[in-house]
Amino acid sequence: MTRVSGNPAHRLRAPSALVAAGLLGLTTACGGGGEDGGEVTSITALDYNLAEPQNGATESMLQECGEQAGVEVEREALPREQLMPRLLQGASQQELPDLMLIDNPDLPQFAATGALLPLEEAGFDTAGYYDSVLQVGTHEDTLYGIASGVNGLALFTNTALLQDAGVEPPATWQELREAADELTRGDTKGFAFSAIGHEEGTWTFEPFMWSNGATLTELDSPEAVEALELWAGMVEDGSVSQSVVNWSQADVNDQFIGGRAAMMINGSWQIPVLAEEDVDYEVVPLPVPEAGGDPATPMGGEVWAIGRNGTEREEKAAEVLRCLLSDDNMTEWAELNAYVPAKEEPAQRLAEDNEQMAPFVESVPTAQARTADLGEDYPDVSAAIADAIQQALAGSGSAEDALAQAQQSVPES
Amino acid sequence: MLARVGFLAPLVVYLAVFFGYPLLANQSMALREYTAASFYTGEAPFVGAANYAAVLADPVFGTALSNTALFTVGSLVFQFAIGLALAVFFQRHVPLNGLLRSLLLVPWLLPLVVSGTVWRWIFDQEYGVLNQTLLGLGLIDQGVPWLSSTSMALASVTVANIWVGIPFNMVILYGGLQSIPAHLYEAAALDGAGPWQRFRHVTWPLLRPVSAVVLMLGLVYTLKQFDVIMVLTQGGPANATQTLTTWAHALSFGELDFGLGAAVGNLLIVIALVFALVYLRGLRTQPGAPGSGRRG
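If you're matching them up, the sequences are chains A and B in order.
Position one of the first sequence corresponds to residue 1 (UniProt numbering), numbered consecutively onward.
Position one of the second sequence corresponds to residue 1 (UniProt numbering), numbered consecutively onward.
One chain only, chain B, in its complex shape:
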């Protein structure tokens, strides 16, 4: 008994100090009028749910929430689909396989500030590579305001984020593919299964546990994505790319209202938890039989 407690204690202490305490402190902050002065004087009057009410009543909340959803779902779907396609592609014996795979890792290795800056150049309305190319091909007759119109900006930052996330998906899924025994494919081929059927009935079901991990990590990572948006648009123009994360930052460090910022942060945690629970439940209730994992 004592040994068991001793074994668990470090973990419990670690969780309490590095997860429990900040969570509670952030919750406490969200229930107070916490301004720049509070840091010095220590005085932060308790205001109950006023910060939450203010955040929920703010028109930016709806925008930030739907932007967060669109950004997250859009990023996840495309990162996963493209990552999986590349992983399946590299499963075959392609010349220069190793070299190409390492090159595809580059987006993952670059600091986000660097890749964000590169995407800013690509998307530039006047002299960006993208518009110059499209103009050269005659597909458009004037530059598209990728990052500077409220209707395009969210899609543009999502594309940049997808690019950043593809290597992660590809690498993990590629690892998952390697663990599928080759004889299953041979057996499927003997049964007369074509490439699509082999993917549907062998690859996809056996890749499900790995896919679950990739999507779960991707979800958490994308929900809290901050750098790409900050570098590209800073949440603008006019909140068009404001997500809950960038909004929490703007409230805390732009308007110096840390109570509001903490409230938004807490809402984000709740949303992430809800997604995670729904997702985990969905995984558990689905029978793992081949063919039943049809999604996406």
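Pulled out of the complex, with its shape left as it was, chain A reads as follows:
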């Protein structure tokens, strides 16, 4: 990247960098890399895998793969909400990490900047990957990000509580509502999910919209309204706590572990957390509107992307990434962290070995990319959906009105 001082676009960069640094109060990090022109001896990596076991596994895998590629990997890990500001700051100084882990719905925003290396250019072989996995890393027909593993949502049920109440894990919306009602006793609510006012709430709701035939471009469709009415109805019944509007997925998991929710919607990554606790549970696919329908889960998980930092560093980063994505590493990572491997064959093997993971593996081929229809506009619409959910659940408006308002944020195509 050469700087042309006469270009007005470039003149703008210095102030924006300073504003970013000043406003965000971030420390300048990054750097690293090899000497200019010399051989690349180290590359930088940025991720937000701070929770164990992800943290340790990421660290050791990066080091191992770095050794194989003959570079030292300087890893930086930040909380998720600091990742984007950090990446933007790096972008403004043309100092992006060589390898970075981005939550998949944020990828189009980033790919659109031109700061990421198209992976085909780096010679990535995509054979064996789930199409749906490749799709979440694709922006405008170009692959910019690739996942080692993905995750999805399913229904977790507390075996003991269901047995006590004589309730079977529900498969349809009707059964879900009845089961939630019957399981609500004393301090225990029948059902819990995250309806927090940002992406976490939206992504928990999307399978309900999608499996009912609604799309992200028509938020005010009867199908979408019906899905939101299901949620609002259960809150009204009292079988779901109204507090869900403030619960993250981790909070929902805490409620489930504490026996205060008999069923919950959550992601596969909670399995290692649940394993540490004394809860007997079962995982089933998300209930669907009509028996026999396919659950439509949004594809969750993070993708690795390579920053445009000059051919030599890009090559090293690609080498490290190829190692991270080897079948062995992919499987090891997935087993340790309860993710579904991004390639079909290792994923099938995992499903056979681990029945708790089976519903998640099953859902991957039909899982949808959240950004498929909206691309860069997704964060905007996601925020509007989260708002609509909260309006309907916190008792300030009907599902229909709330979604009609959310529809205004959908760009006209």
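Among the hints, erroneous ones may be present.
[Claimed, not checked] If the Cβ cut is set under 7 Å, some of the chain B residues that face chain A in the computed set are:
no., residue
1, PHE39
2, LEU147
3, SER148
4, GLY175
5, SER179
6, ALA238
7, GLU255
8, LEU256
[As the list claims (entries may be wrong)] Facing chain B, a subset of chain A residues (Cβ under 7 Å, in silico):
no., residue
9, LEU88
10, GLN109
11, THR113
12, GLY197
13, SER241
14, SER243
15, PRO379
16, ASP380
17, ALA394
18, SER396
19, SER398
Honestly, the hints are just simulated from the structure, not real lab data.
Built from N, CA and C at the ideal position, the CB exists for glycine as well.
Place chain B on chain A using the hints.
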């Protein structure tokens, strides 16, 4: 002359670099379509007042503005009143005075993320201390959704913020009280003034300069309050606790539209300035004679 310039230069440079420049840069950002891509490409097309127009036309703007006003006024009034009451209380010789005063400082010393988390537990609908207590006393028959209903959430976050701000008010006002000469009280007592009259005619007027500082700082601090709301409700449910600060954050880092976020930030600066000017003017025009400072 040269000495004077040399004396002022560091201050001017400091102000220009740390106040002037960010303000101007933020203004420039607010006039552009500034997205995530702009950070990398440096391309942020000039769009004039479009960001301001979009922000002002957004239904959330009205909500955020009135929430900001209610949150700020509510916090200031109660923080000041309770802080003053405590300061007057501790002015007397209470046993364990020093210990109690230091304990009351705790809310001020705790990181906001910690106190915010504690308030989340207190307000929890199902097993929060507050609802459990009220249920135990038989005052309510089911848990109140303190943080999860659009009608209660703003009041709840305001209460949490008041709790955080009381120690600051108390400490500064207590300091102000210490500087009032004791003989004035003796004289007032000799004139037959009761406790309320002594407060009205001695304490209150002499405390006015300190009160002004406390309220001014409180105003600025509360207008930009961010952490308490983020920890408790993140501006939700459904924008019920969205203030201009949390909204600017949501626009910038949730929707990655930095132009809109900067526009909201600038509006907040203007509002703070207007408040500050009105307030300072009000102070200046009022005669400082005892008895004229009747407010609140």
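*Would you pick out the hints that fail for this structure and give their numbers low to high?*
Of the numbered hints, 4, 5 and 19 do not hold.
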